[in-house]
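Undergrad: I would like the entire structure built from these sequences, with the hints used as guidance.
Same order as they appear, the protein sequences are chains A and B.
Mapped onto my numbering, the consecutive letters of the first sequence carry residue numbers 139 to 326.
Mapped onto my numbering, the consecutive letters of the second sequence carry residue numbers 7 to 301.
None of these hints come from the bench; they were simulated from the model.
Do not rely on the hints blindly, as some may be mistaken.
To be verified - Calculated from the model, a selection of chain B residues having no Cβ within reach of chain A, i.e. all distances over 12 angstroms:
| # | residue |
| --- | --- |
| 1 | Arg71 |
| 2 | Gly141 |
| 3 | Pro161 |
| 4 | Gly235 |
Claimed, not checked - These stretches of chain A come out as covered by chain B in the derived footprint (C-beta under 8 angstroms, 3 or more residues):
| # | segment |
| --- | --- |
| 5 | 157-167 |
| 6 | 183-196 |
| 7 | 199-211 |
| 8 | 299-312 |
Positions of the beta carbon are idealized from the N, C-alpha and C atoms, including for glycine.
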Amino acid sequence: MRVTFTVNGRPQEADDVWEGESLLYVLRERMGLPGSKNACEQGECGSCTVRLDGVPVCSCLVAAGQCQDREIVTVEGLAEHAKARTCGTGACGSAKGTGLDEAQQWQARPTDESVELSPIQQAFIDAGAVQCGFCTPGLLVAADELLERNAEPTDADIREALSGNLCRCTGYEKILDAVRLAAVRQEA
Amino acid sequence: MDFLRPASWEEALAAKAEHPTAVPIAGGTDIMVEINFDQRRPDVLLDLNRIGELQEWETGEETVRLGASVPYTRIMENLRAELPGLALASHTVASPQIRNRGGVGGNLGTASPAGDAHPALLAAGAVVEVASVRGTRLIPIDDFYTGVKRNALAPDELIRAVHIKKADGPQQFSKVGTRNAMVIAVCAFGLALHPETRTVRTGIGSAAPTPVRARPAEEFLAAALDEGGFWDNGKLIPPAVARQFAELVSGSASPIDDVRGSASYRRHALGVMARRTLGWTWDEYRGNERTIRCA
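TA: Structure representation (structure tokens):
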């Protein structure tokens, strides 16, 4: 079947989608957006977290067909999403979203200052919250959504918002630091 | 596999009548796991996401009619006063991502004894509204669970909503697991005090082939509260009564040994949860009584 939906602000079409296919599979294998990670495939780990009409969900548990006419934001579109949010209506920047080509060519170059990152991404780097990096995309999407709805989260709020994202490297302390850092910077 | 995307409830019922083996998918948090792991290949998936009314609830005089797909997150945020037991249970479901998708209809459809909503629905005395092209049926929750992962639905029926009486007294929910999030219950317990009828209701999860009530415990506690005039005098419940209640709850379960815990551990934990939730609810009841009197 064909699925038409919006990914990171751009209309997209996926063809020959199998009816039982997950949104995660479509993003990774058909859209060339491997930022959302495939780990547990049962909603336990959160590494595939994306926004579906603004709401954080495990993309491995959303059937692709359920995304028809809906809006997805993945980690690849996070910088643009955060920018649009800061600008309100997007009047101060391009409101077209992240192009698929652009997103597919994105590479992790944290030291390259020309690469634009969302505040939460920058905070993860600055706080040393990334080790192997596998859980990072899901954590970024979840943490960004938390800060969007709660500008001054308590530690309990942060822990709860990230309770569906497993990290096996960091022990979470640096991740909590990163979210606190992004919250403080957001306030400033 | 077919993927049907009805745009209205009527269309969904017609589709289910035409394809009785179609598996409804709303939050997808159960069925997608089975599909991802190749454990299930339904002929037809029936997507209910486009049916807006399933994600809505109506608060009436006495009852909340909760749409089958209202996400747990919404229940936690919006229905804590009306449905405290279910709101507490909702908060223990998996993770924010899962709570954003899953709803009570899915818990009822899957009818796993470990579903977190069941103890709260049993304790509140919910009624499940199911429908087909033949019409609508209201199934009391006590008659809904018919076996391990089996429920009273006919093949052409879909769950439309759950009718839950607004709380007339304190309600609690307790669940044992290995961590604070992302946990399937080792066992769970829900308790609702119903001061209006001077009754109590309970729900046990993950400790029998289906979610069950602890009826002997309910009857014992209601009688003990009545005899001692506790509903009126608001006195502390004697430890002996709480202990007997806990033992009766424990005895009402028929748990098994499995990977999550042993039968004897489950029985023990149920007793502890029964005693604690009784303490919490009774404290709240007394607190309310005192406030009312002072005012």
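Undergrad: Check whether three or more residues of the segment 199-211 of chain A sit with their beta carbon closer than 8 angstroms to a beta carbon of chain B.
TA: Our answer is that it holds, as 6 residues pass the Cβ test (under 8 angstroms) against chain B, meeting three.
Undergrad: At 12 angstroms, judged by beta carbons, does Gly141 of chain B keep clear of chain A as stated?
TA: Nearest chain A Cβ is 28 angstroms from Gly141 of chain B, so the label holds.
Undergrad: Are all beta-carbon distances from Arg71 of chain B to chain A longer than 12 angstroms?
TA: 23 angstroms, holds
Undergrad: How about the segment 157-167 of chain A: do at least three of its residues have a C-beta closer than 8 angstroms to a C-beta of chain B?
TA: holds (count 3)
Undergrad: Looking at Gly235 of chain B again, its CB stays over 12 angstroms from all of chain A?
TA: Consistent with the label, Gly235 of chain B stays out of reach of chain A, its closest Cβ about 40 angstroms off (over 12 angstroms).
Undergrad: Confirm or reject: Pro161 of chain B is not an interface residue toward chain A, with every Cβ-Cβ distance exceeding 12 angstroms.
TA: Consistent with the label, Pro161 of chain B stays out of reach of chain A, its closest Cβ about 20 angstroms off (over 12 angstroms).
Undergrad: Checking C-beta pairs, does the segment 299-312 of chain A have three or more residues closer than 8 angstroms to chain B?
TA: With 5 residues closer than 8 angstroms to chain B, the segment 299-312 of chain A meets the three-residue bar; holds.
Undergrad: State whether the coverage of the segment 183-196 of chain A by chain B holds or is violated, taking the criterion as 3 or more residues with Cβ-Cβ distances under 8 angstroms.
TA: As far as the segment 183-196 of chain A goes, the hint holds, because 6 residues have Cβ atoms under 8 angstroms from chain B.
This entry satisfies every hint, going by the numbered hints stated previously.
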